[in-house]
Amino acid sequence: MSEARSRRVAVSFTEREHNALQTTADRTRLPLAGLVARIVRASLESGQLHLPDPVATSAAGSDGSPAARKAPPWLPPLASADYEDWAQGCAGAVAALIDRYPRELAALADDWAKDAPVREQLWALTIWRGHLDVGAYGDPRTELAFAGALQDFEVYTRERARASLRGRR
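Residue numbers (our numbering): 6 to 174.
Some hints here could point you the wrong way.
[What the hints assert, rightly or not] As a list, the in silico EDC-like pairs of lysine to aspartate or glutamate whose alpha-carbon atoms are at most 20 Å apart:
| id | residue 1 | residue 2 |
| --- | --- | --- |
| 1 | K119 | D90 |
| 2 | K119 | E89 |
| 3 | K119 | E164 |
| 4 | K119 | D144 |
These aren't lab readings, by the way, just hints derived from the structure by calculation.
Let the sequences and hints guide you as you build the complete structure.
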């Protein structure tokens, strides 16, 4: 018998990736979510899951060359043509991080994206979490370091929220 499918995962795609998936879904007459689920299951079951090195690929541009991307992956790309895909990916990653750590990110202001220090730290945390989730680091201390950084960020955002409230009085 097949295992009950009760777990759900939110996945964010760039517009280009989404369009490619939608084209395939249309061609195969499958719902988009069903297609994505089949692709993931087939990859896992076949043992043919080949993930690129997230550290190397996040430092590279869309063509895979390190020269194509000069900014770190948690900062906006220097080429304005790449910005929309990058921003969509960041928005999805941040939403997933907030869903995953609601208590730790509860003090995050609604307009966090307008606050450069908060925005850049949050984006860096999303990149780090993504690398951890695909096993980019073999040392479990990296997971503990992430947890510490997330706690530091929680304190930082709570202090900023308190300061903002004091400023409104």
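Going through the hints against the structure:
Taking the CA atoms of K119 and D90, the gap is near 19 Å; set against the 20 Å cutoff, the hint holds. Restraint check for K119 and E89: satisfied, since their Cα atoms lie roughly 16 Å apart, inside the 20 Å limit. Distance restraint check for K119 and E164: the Cα-Cα separation of roughly 17 Å lies within the 20 Å cut-off, and the hinted pair is therefore satisfied. For the proposed pair K119 and D144, the alpha carbon gap of about 34 Å is over 20 Å, so the pair is violated.
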